[in-house]
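Residues 1 to 568 in our numbering are what the sequence shown lists, from first letter to last.
Hint data in this document are derived by calculation from the structure and do not stem from the laboratory. Treat each hint with caution, since some may be false.
DSS-like cross-link-like pairs, simulated, lysine-lysine; straight-line CA separation at most 27 Å [unchecked claim]: (1) Lys-267 / Lys-244; (2) Lys-310 / Lys-335; (3) Lys-413 / Lys-431; (4) Lys-551 / Lys-302; (5) Lys-231 / Lys-267; (6) Lys-231 / Lys-220; (7) Lys-173 / Lys-132; (8) Lys-435 / Lys-247; (9) Lys-173 / Lys-267; (10) Lys-247 / Lys-161; (11) Lys-352 / Lys-386; (12) Lys-551 / Lys-518; (13) Lys-385 / Lys-310; (14) Lys-168 / Lys-272; (15) Lys-142 / Lys-132; (16) Lys-247 / Lys-132; (17) Lys-220 / Lys-272; (18) Lys-435 / Lys-352; (19) Lys-378 / Lys-310; (20) Lys-352 / Lys-385; (21) Lys-161 / Lys-173; (22) Lys-231 / Lys-247; (23) Lys-433 / Lys-386; (24) Lys-189 / Lys-142.
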Amino acid sequence: MLKKEHLYWSTASERRLSRRKLLRSLLQAGIGVAGVSVLGCATPKAAPTVSSPVSGPTKTPTVSSPTPSPTKAPTAKLLDTLTVAMRQDINNLDPQFLSGIENHTYYVCVFDSLTHFGRDLQVVPGLATSWKALNDTTWEFKLRQGVVFHNGEEFDAETVKFSIERVKDPQFKSAFAGTIVQVSGLEVKDKYTIHIITSSPDPLLLKRLADSGIYIVPRKYIEANGHEIMKTKPIGTGPYKFVKWVKDEVLELEIAFPDHYRKPKAKRILTKGIPQEATRVAALQTGAADIVWDVSADLIKKVEETSGLKIKTAGSVSVPHIQISQYGEGPLRDKRVRQALNYAVDRESIVKNLFLGYYKTVPSPLVPMCFGYDDALKPYPYDPKKAKELLAAAGYPSGFELIFTVPASAYPKTEEYVQAIANYLAEVGVKAKLKFDPTKSFDAFSRELRTTEGGPEGIFHVTPGCTPNIDADDILWRYYYTWDAKLGSGNRLYFSNQELDRLIQAARSTLDQEQRKKLYAQALRIVQEEAYAIFLWEMPYHYGFNSQKLKDIYPRTYNLNPWDVEPA
1 MLKKEHLYWS
11 TASERRLSRR
21 KLLRSLLQAG
31 IGVAGVSVLG
41 CATPKAAPTV
51 SSPVSGPTKT
61 PTVSSPTPSP
71 TKAPTAKLLD
81 TLTVAMRQDI
91 NNLDPQFLSG
101 IENHTYYVCV
111 FDSLTHFGRD
121 LQVVPGLATS
131 WKALNDTTWE
141 FKLRQGVVFH
151 NGEEFDAETV
161 KFSIERVKDP
171 QFKSAFAGTI
181 VQVSGLEVKD
191 KYTIHIITSS
201 PDPLLLKRLA
211 DSGIYIVPRK
221 YIEANGHEIM
231 KTKPIGTGPY
241 KFVKWVKDEV
251 LELEIAFPDH
261 YRKPKAKRIL
271 TKGIPQEATR
281 VAALQTGAAD
291 IVWDVSADLI
301 KKVEETSGLK
311 IKTAGSVSVP
321 HIQISQYGEG
331 PLRDKRVRQA
341 LNYAVDRESI
351 VKNLFLGYYK
361 TVPSPLVPMC
371 FGYDDALKPY
381 PYDPKKAKEL
391 LAAAGYPSGF
401 ELIFTVPASA
411 YPKTEEYVQA
421 IANYLAEVGV
431 KAKLKFDPTK
441 SFDAFSRELR
451 TTEGGPEGIF
461 HVTPGCTPNI
471 DADDILWRYY
481 YTWDAKLGSG
491 NRLYFSNQEL
501 DRLIQAARST
511 LDQEQRKKLY
521 AQALRIVQEE
531 AYAIFLWEMP
541 YHYGFNSQKL
551 KDIYPRTYNL
561 NPWDVEPA
């Protein structure tokens with residue numbers, strides 16, 4: 001049985017493949033209603049986010065974080081090297097330019113943010129040691145003193161102001177611009193105090209400033225060398241500094257600050273992109289990798305049966321889905337057609353046969369762990385007869401053809417399951433022409449969608465998750481709100497639903513958490529009813545690790561921080 005304190009991970013041997021035990025394991029791992037309560041409603045003990053009592057709207061928050069951990073921590077015994085094998089190589093060295101789960105280990109090692117997520121996914125101090133809300137829209141942050149970048153440049157409030165303004169600058173075209181669209185003002189009060197002002201109450205501000213949100217970059221270094229320098233010679237304030245990156249081979253980092261407040265566990269970190277699952281597991285078996293992400297269901301037993309290796313499973317925040325573009329004239333503009341595509345696909349069969357029951361189908365773009373998940377919604381059932389009836393009613397009794405675009409994926413068995421989906425569509429008369437683009441990651445593909453005017457036509461495979469905030473806003477604002485080029489956010493499905501926009505905007509502008517849940521429930525019902533996508537399943541992540549070198553690891557859903565390991 002899982003230890004109580006380990007809410008988001010478990011060993012694979014603690015789960016079996018029966019549906020009842022799988023569900024019990026997922027609930028124990030925090031992927032259930034309790035997880036939503038912890039992440040979205042309860043006031044965290046470490047550093048309170050804005051949350052309201054269940055009785056009604058919150059009053060103006062004036063809470064502050066507890067006394068921060070000291071700047072310097074005792075130097076512990078360090079591993080010489082920690083090697084992590086990923087499904088994909090990183091795609092970018094500038095932490096403010098392009099997102100991607102494959103970048104996370106690199107970003108958190110080299111850079112710091114004002115706040116961080118702890119192991120329990122609650123907000124804790126980072127470069128900001130304390131904070132308090134002065135009113136509904138103004139937050140005061142006290143900053144950690146004595147911090148320097150890897151080149152010796154000093155960190156201060158002007159650095160924070162510069163870093164946030166850089167992300168917001170439309171000329172820079174940051175993938176994170178939409179994350180802080182509500183930040184309307186930055187006031188430096190003194191060297192280590194800054195006020196962040198939002199255009200409306202923002203219940204997620206502390207999370208938006210955390211890991212995978214807004215990383216802090218060196219102002220003077222960039223002003224002297226230009227923005228491009230961070231794409232080739234990046235520096236941060238993190239415990240590790242950048243050494244080299246050989247694309248599609250290895251990224252090397254070495255310890256910069258052994259006494260960093262995030263307590264590094266190794267002198268050197270290597271990350272490698274190994275797309276082939278069997279090759280990745282073989283690297284673990286031979287000692288070429290200490291940790292591998294993500295072990296597919298059919299290889300878990302192989303890892304567990306290898307002496308000195310273990311599996312640790314973390315709850316998922318990602319839902320792969322097939323988005324349906326309404327670009328141009330055609331059948332996909334008809335709701336009945338989009339609903340027919342949903343009825344046509346037997347997701348339960350794919351989960352059972354391809355993923356051995358480890359995954360669970362979902363009715364929306366959220367997993368139960370995400371704040372705002374509505375457990376009253378149920379997935380579209382497999383009903384090919386209903387699909388054909390809807391197609392006929394929409395004027396397509398013989399079906400039609402469409403393009404099915406599939407960019408490179410960081411998830412297991414993508415090619416297999418998209419082919420299965422195409423086969424199911426063909427059975428009701430919809431002929432999907434698969435268009436694989438293995439050279440383009442989902443994040444690059446997603447960015448392209450957001451910066452071009454035309455297309456895509458047809459349907460396309462995407463894998464967004466409710467990150468970094470574990471909140472419905474992460475998905476609904478970025479993928480289902482009406483596209484706004486100025487904000488760099490919204491859907492590229494070429495639809496606009498004013499009621500949906502109203503609900504999403506209202507939920508991100510109130511501090512009343514119970515009201516937010518009600519608004520999200522209404523929004524998700526619209527998304528499902530309109531069938532803007534075919535939502536597939538939630539995917540627990542299975543990490544294999546060398547238990548002779550590492551006593552234990554503590555992955556946090558879609559990522560593993562290098563200090564969340566226990567050397568053997």
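Against the structure, the hints:
1. Lys-267 / Lys-244: holds (15 Å)
2. Lys-310 / Lys-335: violated (47 Å)
3. Lys-413 / Lys-431: With Cα atoms ~21 Å apart, Lys-413 and Lys-431 stay inside 27 Å; holds.
4. Lys-551 / Lys-302: The hint holds at about 20 Å.
5. Lys-231 / Lys-267: With a Cα-Cα distance of about 24 Å, the restraint between Lys-231 and Lys-267 holds, given a limit of 27 Å.
6. Lys-231 / Lys-220: The hint holds at about 16 Å.
7. Lys-173 / Lys-132: Not OK: Lys-173 and Lys-132 at ~30 Å, beyond 27 Å, violated.
8. Lys-435 / Lys-247: Judged against 27 Å, a Cα distance of about 25 Å means the pair holds.
9. Lys-173 / Lys-267: violated (34 Å)
10. Lys-247 / Lys-161: Between Lys-247 and Lys-161 the Cα gap is close to 32 Å, so the pair fails against 27 Å, i.e. violated.
11. Lys-352 / Lys-386: holds (23 Å)
12. Lys-551 / Lys-518: Status violated; Cα separation ~43 Å.
13. Lys-385 / Lys-310: violated (45 Å)
14. Lys-168 / Lys-272: violated (31 Å)
15. Lys-142 / Lys-132: Answer holds: Lys-142 to Lys-132 is near 9 Å, not above 27 Å.
16. Lys-247 / Lys-132: Between Lys-247 and Lys-132 the Cα gap is close to 42 Å, so the pair fails against 27 Å, i.e. violated.
17. Lys-220 / Lys-272: violated (31 Å)
18. Lys-435 / Lys-352: OK: Lys-435 and Lys-352 at ~26 Å, within 27 Å.
19. Lys-378 / Lys-310: violated (35 Å)
20. Lys-352 / Lys-385: holds (22 Å)
21. Lys-161 / Lys-173: Holds: Lys-161 and Lys-173 sit about 17 Å apart, inside 27 Å.
22. Lys-231 / Lys-247: With Cα atoms ~13 Å apart, Lys-231 and Lys-247 stay inside 27 Å; holds.
23. Lys-433 / Lys-386: holds (23 Å)
24. Lys-189 / Lys-142: Holds. Lys-189 to Lys-142 sits at ~10 Å (cutoff 27 Å).
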